[in-house]
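Engineer: Input sequences plus hints: build the corresponding full structure.
In the order they appear, the protein sequences are chains A and B.
Residues in the first sequence are numbered consecutively from 439, following our numbering.
Residues in the second sequence are numbered consecutively from -9, following our numbering.
Bear in mind the hints are in silico, worked out from the structure with no lab data behind them.
Computed from a predicted model, the values in this text were never measured in an experiment.
The beta-carbon is built from N, C-alpha and C at its ideal position, and this holds for glycine as well.
One thing to keep in mind: the hints can contain errors.
To be verified - Below, computed lysine-lysine pairings styled on DSBU-like, alpha-carbon distance capped at 30 Å:
1. Lys481(A) x Lys666(A)
2. Lys618(A) x Lys466(A)
3. Lys692(A) x Lys386(B)
4. Lys466(A) x Lys692(A)
5. Lys317(B) x Lys26(B)
6. Lys692(A) x Lys26(B)
7. Lys322(B) x Lys26(B)
8. Lys26(B) x Lys386(B)
9. Lys322(B) x Lys692(A)
Unchecked claim - To give an idea of the interface, some chain A residues facing chain B are shown, with a C-beta separation under 10 Å as derived from the structure:
10. Ala583
11. Asn603
12. Val605
13. Leu607
14. Val611
15. Ile673
Stated by the list, open to error - Residues of chain B clear of chain A, computed beta-carbon distances all greater than 12 Å:
16. Leu12
17. Ala65
18. Met71
19. Gln140
20. Tyr171
21. Phe193
22. Gly376
Here's the letter readout for the chains.
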Amino acid sequence: MKALNNFFLLLCSHLLLVTSIAFSAELKEPMHPDWSFEGPLGKFDRASLQRGYQVYTEVCSGCHSMNLLSYRNLVEEGGPEFSESQAKVMAAAFEVPGVPNSDGEVEMRPAILSDKFVSPYENEQQGRAANGGAYPPDLSVMVKARHGGADYIYSLLLGYVDAPNDVKLDDGVYYNKYAKGQKIAMPQVLYEDGVEYTDGTIATQEQMSRDVTMFLTWAAEPKLEARKRIGFKVISYLLILSVLLYFTNRQIWKES
Amino acid sequence: MSDNYQPTSAVGRWFNDRLPLLNLIYGHLLPYPTPKNLNYWWTFGGILTFCLLTQIITGLVLAMHYVADADQAFASVEHIMRDVNYGWLLRYIHANGASLFFMAVYIHMARSLFYGSYKEPRELIWIIGVFIFLLMIATAFMGYVLPWGQMSFWGATVITNLFSAIPVVGESVTNWLWGGYAVGSPLLTRFFTLHYLMPFLIFALVILHVWALHVPGNNNPEGINVVQGSQDTVPFHPHYVVKDLFALVVFMIIFAGFVFFVPNILGHSDNYIQANPLQTPEHIVPEWYFLPFYAILRSVPDKLGGVILMVSAIAILAFLPWLDTSKVRSAKYRPLYRQFVWLFFADVILLGYLGAQTADGLYLIIGRIATIYYFVHFIVIMPLLGFIEKTKPLPKSLSEPVLSKEEREMKAGATVSA
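Structural biologist: What follows is the structure in structure tokens.
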């Protein structure tokens, strides 16, 4: 038995050692701002989502597509909730190929609500060619596709600092303290007053990063508000039911 | 036990005389005599039935909207998440349901190990259970491939490549599985087909599992034989119907917690990146419930050896009723086994942890020790314990251990003085 205990102790101490090694990873812990969508009853900040859409269209969409979103999503409940007329105007700013006309020619027409977000590039090759070989990934589910989610995206957007002297950077590679290995192929894009917010908010780097991250979080999880709202009801219902069942069960076993 | 059941309504009698279906349900669910001392670890059978039905029902609806094609699968899942009414709910229930299904099945198996439920006369129940577990593994693995994210694709690549370890015919078998020379649309389509089929096979095995269970009746925490219908038993309804329901609702609260508040916490973020055959993820890790077996696979430097060991790790479970030589079922009365079974659980959890780490350095060494211990537990410790262990005296009936300690002492005192 003693040997067994010793063996167990040995296992435990090894486990501790292993865990401590695992924590010395190369990824810097991202910043954690307060997000309104966190918590069991979290909601998106409508105004922030609307500003975030502006940052996406004016800055990000130059290189990044959002293939899974349609302009109609901008109107839907739980999102930026633009009015339908606003969204129609926003969609019409883009052009998409129409149906072939009677001569068999395809002409461009303004986008409507049912159209998908227009991509900046025709195909991946064109995207690579325009960006020194690195393809700017689609942003539709980006927040869910990165470890750390919204915190990571937010930190990354604010993580551009001057590289230390001992770090050598190749062409088209930039230094970012939150990127894996502190290197990233995306240059810094958000600068003070990079956009002029239509609602008059001052466009600091933090503000823009926050807004666009909020927007991307919604884009990745458009049903987040409904999910949390329903979840709250479901769990409340189940909790009450479990209490009733607990006492029913006790009563039944008492009688036997 | 149910031959004398007569439905009260005329329609019921008419039906039951022609097909005694009501008889069957009555006999197995209502007065069915069940040991009166089953604890909450015994509620997982009902919970697992709920899990299976939930997966089948949500899966059925998901299949109406999913497209099993390499170019469209990823987008079709996102279409479900965005455009299908409550599609996000169905998918999150289905994805988290798989995890909770495994959580429940591991508890169910651990209970069987602890209380010796696999032993005579319940060997077949256990063996059918091992086959259900095998089918669950296959179903869950194929299901994880369907969203066609990076982990889906590379997980499928790693696992299907294992078949190439088979001597001589390995490569042909792998190409046959793939339906081509690489993982792609043909594999995705057949995985979808099989993923749809297997739950129904599991369902059939579950019926056999319960049927076989109802021949000797439930084991119980004391591990002693119970005479069916004696005062050691209570009718299944309402005693265990309500107790199981209570446990199920508690389980559903945890389930709902995952689905509504942290739906992606058990998944890997890489699976929200569409599959890309040209870009290998940094670490390819399976879902958490496969990690112990993945650790065993990687602890062998040889591919074929790793595959054999991983398959053996599951197959060996089927032989457990004969590897265990002890006559006593419950670990409650087996002072040595009681410690070894906990050590075994710790070993499996350790393997699970190691399965998520990179297979090098210290991890690999510990992984190898843990793998060896996994098999030593079954091949050496289990057979040996039956011979060297001094078990505690068993109670004569369930009524005895149910007494409090004082009552037992009083009773013992009474027998001594008498």
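Engineer: So, for every hint listed, does it hold in this structure?
Structural biologist: Hint by hint, here is what the structure shows:
This hinted pair checks out: Lys481(A) and Lys666(A) have alpha carbons roughly 9 Å apart, not beyond 30 Å. Straight-line distance between C-alpha atoms of Lys618(A) and Lys466(A) comes to about 8 Å, which keeps the hinted pair within the 30 Å bound. A distance of roughly 24 Å separates the Cα atoms of Lys692(A) and Lys386(B); the hinted pair therefore holds under the 30 Å criterion. The suggested pairing of Lys466(A) with Lys692(A) is violated, with an alpha-carbon distance near 57 Å, which exceeds 30 Å.
A C-alpha spacing of about 22 Å is found between Lys317(B) and Lys26(B), which places the hinted pair at or below 30 Å, so the restraint holds. Of the supplied pair hints, the one linking Lys692(A) and Lys26(B) holds, its CA atoms being roughly 12 Å apart against a limit of 30 Å. For a cut-off of 30 Å, the pair hint linking Lys322(B) to Lys26(B) stands: about 17 Å separates their Cα positions. As the CA atoms of Lys26(B) and Lys386(B) are separated by approximately 15 Å, the hinted pair is consistent with the 30 Å bound.
Among the hinted pairs, Lys322(B) with Lys692(A) is consistent with the structure: their alpha-carbon atoms are about 25 Å apart, no more than 30 Å. A least Cβ separation of about 4 Å between Ala583(A) and chain B falls short of the 10 Å threshold, and the interface hint therefore holds. Look at Asn603(A): its Cβ only gets to about 28 Å from chain B, farther than 10 Å, so that hint breaks. Interface hint at Val605(A): violated, since its Cβ lies 21 Å from the closest Cβ of chain B, which is beyond the 10 Å cut-off.
A hinted interface residue such as Leu607(A) counts as satisfied when its beta carbon comes closer than 10 Å to some beta carbon of chain B; here the least separation is about 21 Å, so the hint is violated. Interface restraint check: Val611(A) against chain B, minimum CB-CB distance 18 Å, threshold 10 Å, status violated. For Ile673(A), the interface hint holds, the least distance from its beta-carbon to any beta-carbon of chain B being 5 Å, beneath 10 Å. Annotated as non-interface, Leu12(B) keeps its C-beta farther than 12 Å from every C-beta of chain A; the closest such distance is 24 Å.
Interface exclusion of Ala65(B) from chain A breaks down, the closest Cβ pair being 7 Å apart, not more than 12 Å. With a minimum CB-CB distance of about 7 Å to chain A, Met71(B) fails to clear the 12 Å threshold, and the non-interface call is violated. Remark: the non-interface label on Gln140(B) conflicts with the geometry, its nearest Cβ contact in chain A lying 9 Å away (cut-off 12 Å). Here Tyr171(B) stays apart from chain A, with its beta-carbon at least about 23 Å from theirs, past the 12 Å limit.
With a least CB separation of 25 Å from chain A, Phe193(B) remains clear of the 12 Å interface cut-off, as annotated. A cut-off of 12 Å between C-beta atoms confirms that Gly376(B) is not in contact with chain A; the least separation is 18 Å.
Hints 4, 11, 12, 13, 14, 17, 18 and 19, counting from the list given before, are not met by this structure.
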